[in-house]
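Protein chains in written order, with the numbering used here: chain P, 2 to 252; chain S, 10 to 245.
Hints are computed from structural coordinates only; laboratory data are not their basis. Computed from a predicted structure; not experimentally measured. Watch out, some of these pointers could steer you wrong.
Claimed, not checked - Straight line, CA to CA, 25 Å or less: simulated DMTMM-like cross-link-like pairs of lysine to aspartate or glutamate:
1. P:110 with S:80
2. P:110 with P:91
3. P:110 with S:155
Unchecked claim - Just the calculated beta-carbon pair ranges, DEER-fashion:
4. P:85 with S:166: 52 to 60 Å
5. S:229 with P:28: 23 to 31 Å
6. S:105 with P:21: 45 to 53 Å
7. S:107 with P:22: 44 to 52 Å
All C-beta atoms, glycine included, are put in the ideal place defined by N, C-alpha and C.
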Amino acid sequence: MKRARVAYSGAIHEATPHEQGLHLADGRVVAEEAVVWLPPFDVGTIIALGLNYADHAKELSFGKQEEPLVFLKGPGAVIGHRGQTRRPRDATFMHYECELAVIIGAPGKRIARADALAHVAGYTVANDYAIRDYLENWYRPNARVKNRDGGTVLGPWFVDAADIGATVALDLRTFVNGKQTQGGNTRDLVHSIPALIEYLSAFMTLNSGDVILTGTPEGVVNVNVGDEVVTEIDGIGRLVNTIVDDATFGR
Amino acid sequence: MLAPTLTFAFAPYRLSGTVYGVLLNHAPALQALGAAVNDAPYKAPPKAPVLYVKPRNTLAAPGSTCELPADVDALQIGANLGIVIGRTACRVAESQALEHVAGYLAVNDLSVPHESFYRPSVRLKALDGSCVIGRAVAKDRVRNPDALAITVFVDGEPVQRTDTGSRIRPLARLLADVTDFMTLSPGDIILLGTAHGAPTARAGQRFAIEIDGLGRLESMLAAAGPAHDRPMEPHA
């Protein structure tokens, strides 16, 4: 089952797909463009992975990793489907990252790999932007690169884990203005979803609503003001975002 | 681990649960790195504030016991001034930053000591119960948040005496620089930064931090439970 959270006509609603757009829980059917799409679940701790695709790691001559490259993000970064993300005028390399987002359901600590998928409530698509110009070598990737307002797009749908099953091998791809720029499959994760849940829960309790952004394959390119960026994962969803300028935010 | 007190008697009346820390904000801490800041892997001193997140699993109340991972001997006691945001802070000017502050609290940011600040493992800062949060005190009861005495105690003995001054970014400047790219919301906490020379505590020890006007936070460290904290091998 796929569910969205949208704002419409003065309230926030749960919504499901409908051939004419969206079916709100109260019975109304509305067009996709008539609502404001919110992140499809209450977002807890945001856990993100760097260099977690084999092609990307190989490309950068990364050998055996002792630990996954994990960093945390704050809730202010999150926006929903069809949102806008600001590109500062001094940026020269701002890129999207299409990622499978894994949403925790049942809380747990010290979860064994074999039990890990039982702690997954569902999945959504993430587009986790980075601005390379601001990269500094202190607590990489530093917040100014990866924890910016509106820099983490989540949605459109929360997809029940049961719909995906035990083998999570999904094609993912990104389109910039309709042209495909990135492609991969989640079977190529260096650290699989069960391995990540085992690793993280060894030192931190995972709670309902915590989300793991599992990393992106190679194929990131610069995006410019006015670009439409679509990150898509088979069976999960197609997430749209638009790049806007400083003036839109009164800068 | 006890749950922290999330509510208080002045606006915005509750914490959001979001806590950001800032690394190397104490001038002597950065100075202690010397010329190394220009060498690999850093290649230049920090420009923007070096931020990290203390996720919600770390939040704990005074009196809590934090459990050491099996492969760790001691935790660093990071006595911090916690700034509680009162009004949404986006691109605030330094001169107006205080208008966005609701109050202050003492925060003990516990971490596994680490020498490299390049890309340390998140597990060093994200242990369950490793962010001990005191009671919020209203802003008007603290005269100068940039000049508060701090004492750290281990087993009842004072082991560090320092204060909230000598910050590369004092409170108002920190809020201005952070909110240039990251909005802080009512109830969020941002830490002013641990002073250089933070002491450590081992399993079985009691320790406390005390900040002038904000009270004293007592904590305990316990030895590891069953060993599950092995570094993992990547699967093929």
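Given the hint that residue 110 of chain P pairs with residue 80 of chain S, test it: the Cα-Cα distance must not exceed 25 Å. Distance of about 17 Å is within 25 Å: holds.
If I claimed the Cβ atoms of residue 105 of chain S and residue 21 of chain P lie 45 to 53 Å apart, would that claim hold in this structure? holds, 48 Å
CB of residue 229 of chain S to CB of residue 28 of chain P, is that within 23 to 31 Å? For residue 229 of chain S and residue 28 of chain P the Cβ distance comes to about 55 Å; the hint is violated.
Would the hint linking residue 110 of chain P and residue 155 of chain S be met if the CA-CA limit is 25 Å? Judged against 25 Å, a Cα distance of about 38 Å means the pair is violated.
Using the C-beta atoms of residue 107 of chain S and residue 22 of chain P, is the stated range 44 to 52 Å upheld? The hint (44 to 52 Å, Cβ to Cβ) holds, given that residue 107 of chain S and residue 22 of chain P are roughly 47 Å apart.
Hint says 52 to 60 Å; check whether the CB-CB distance for residue 85 of chain P and residue 166 of chain S agrees. holds, 55 Å
Under the criterion that the straight-line Cα-Cα distance not exceed 25 Å, is the pair residue 110 of chain P, residue 91 of chain P satisfied? This hinted pair is violated, its Cα atoms lying about 43 Å apart.
The structure is inconsistent with the numbered hints 2, 3, 5, although it conforms to all the rest.
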